[in-house]
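Converting from the sequence shown to our numbering requires adding 6 to each position, the first position being numbered 1.
Treat the hints as calculated values from the structure; they're not laboratory data.
Everything hinted at is true.
Restraint-style ranges between C-beta atoms, simulated for each label pair: (1) Gly-54 / Ser-183: 34 to 40 Å; (2) Gln-135 / Thr-169: 16 to 22 Å; (3) Arg-72 / Gly-206: 36 to 42 Å; (4) Gln-22 / Arg-74: 16 to 22 Å; (5) Asp-52 / Ala-76: 15 to 21 Å.
Ideal Cβ positions, reconstructed from N, Cα and C, are used throughout, including at glycine.
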Amino acid sequence: MDVELSYCVINTERRQLLGYCLDAIARERATVPFGTETLVLDNASDDGSAGAAREHPVTTDVFPLRRRRATAENAGDLLRRARGRFCLILDEDAELEPGATAALHDALAAEERAAAAGATLVSPGGVEQPSAWRFPSLWTRALGRLGAGGRVLVQSQGDAVRTVDWAPASALLVRRSAAESVGWFGTDEVDFCRRLRRSGWEVLHVPQARAVHHDAG
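Work out the full structure, taking the sequences as your base and the hints as a guide.
See below:
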């Protein structure tokens with residue numbers, strides 16, 4: 007079966023959380039009707055993460071680094087290596103909830119001009135976290151200083167799929183051809199989404215797709 011979607015996991019010294027992430031991917035892969043692969047880039051960890059990833063039955067390939075690199079560089083590396091039409095970039099501390107893959111895939115596949123789709127991030131206790139924002143600007147910084155930016159700047163609101171400025175790469179599904187068209191990932195998620203938007207692509211927020219983000223506290 008051709009690879010429709012590549013799970014692209016970036017791990018740095020978090021073997022236990024990486025295990026949770028891969029377990030969730032295994033559950034997701036068993037439910038989707040298309041071909042997938044799981045790529046793990048280990049960011050020069052010393053805790054046995056690379057070996058644990060190799061031993062996990064869901065893993066297709068592991069790419070261990072000898073020297074630690076920035077997350078954006080690693081994301082770009084995985085996007086280049088991936089075989090899927092879509093690539094789901096995941097932090098090692100992001101644990102997909104049931105149905106997240108299908109919800110992200112359906113939303114992105116349905117919109118030809120959509121280049122990326124972000125999930126709703128929730129804390130380990132189930133509290134929804136801000137998961138999409140307006141681009142930083144003088145206006146947004148002024149609102150932040152006034153303490154009035156929260157509702158205006160956060161775009162991950164409501165129950166419908168919506169177009170947003172940018173979403174974090176903690177659980178972000180990317181159309182690989184769109185990433186290639188703008189020179190891959192760039193310096194960070196904001197830069198990546200800004201270049202996509204300037205090139206005529208859209209970025210989506212998908213409320214129905216949820217991922218537990220363990221760093222969210």
